[in-house]
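Starting from the given sequences, assemble the full structure and let the hints guide the process.
Mapping to this note's numbering: the sequence shown position 6 is 89, numbers consecutive.
Check the hints yourself; a few may be wrong.
[Said to hold, decoys possible] If you anchor each label on the Cβ, the simulated ranges turn out as follows:
1) D186 x R146: 16 to 26 Å
2) S93 x D186: 26 to 36 Å
3) P102 x E172: 28 to 38 Å
It is worth saying that the hints were derived from the structure and are not from the lab.
In this text, a Cβ means the ideal position worked out from N, Cα and C, and glycines have one as well.
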Amino acid sequence: MTRIVNLSVSTVEAAIGIPAEKWKGRCYAIACAIVEFNLVEGVAVYGHWTGPIAATSLFANRRDLGFCHHGWIILRDSRVLDPTRWVFEAVDPYIFVGEDPGDMAWPYDEGGDKL
84 MTRIVNLSVS TVEAAIGIPA EKWKGRCYAI ACAIVEFNLV EGVAVYGHWT
134 GPIAATSLFA NRRDLGFCHH GWIILRDSRV LDPTRWVFEA VDPYIFVGED
184 PGDMAWPYDE GGDKL
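Now the structure itself:
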């Protein structure tokens, strides 16, 4: 996992005018705002999160389904930027940036292909 250094949570909060605590359950809207405010070059997408969900997460009731609807950004270089992944993990807010390793363990499923 890589946490982007040049785009902090506080930078996003200031630019879009929404505190991170209010990002929960608004993943696609936050991803769209980041793109609309030109904080990154990419496109906001909506698909499925197929990764783990913490027992204390807002989405804990969906832990056994195998997926949860989710929004994130596909950057111009094909990496994923996820401003709300921390909600699934039930940790402090951070900006996730990562690259698909090409295996089924990658938790981002834009087209629902894994399902």
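Take the C-beta atom of P102 and the C-beta atom of E172, compute their distance, and say whether it sits inside 28 to 38 Å.
violated, 19 Å
Assuming the hint says 26 to 36 Å, is it satisfied by the Cβ distance from S93 to D186 or not?
holds, 33 Å
So the hint says 16 to 26 Å: do the beta-carbon atoms of D186 and R146 match that?
Given range 16 to 26 Å: holds, Cβ gap about 22 Å.
Going down the numbered hints, you'll see the structure goes against just number 3.
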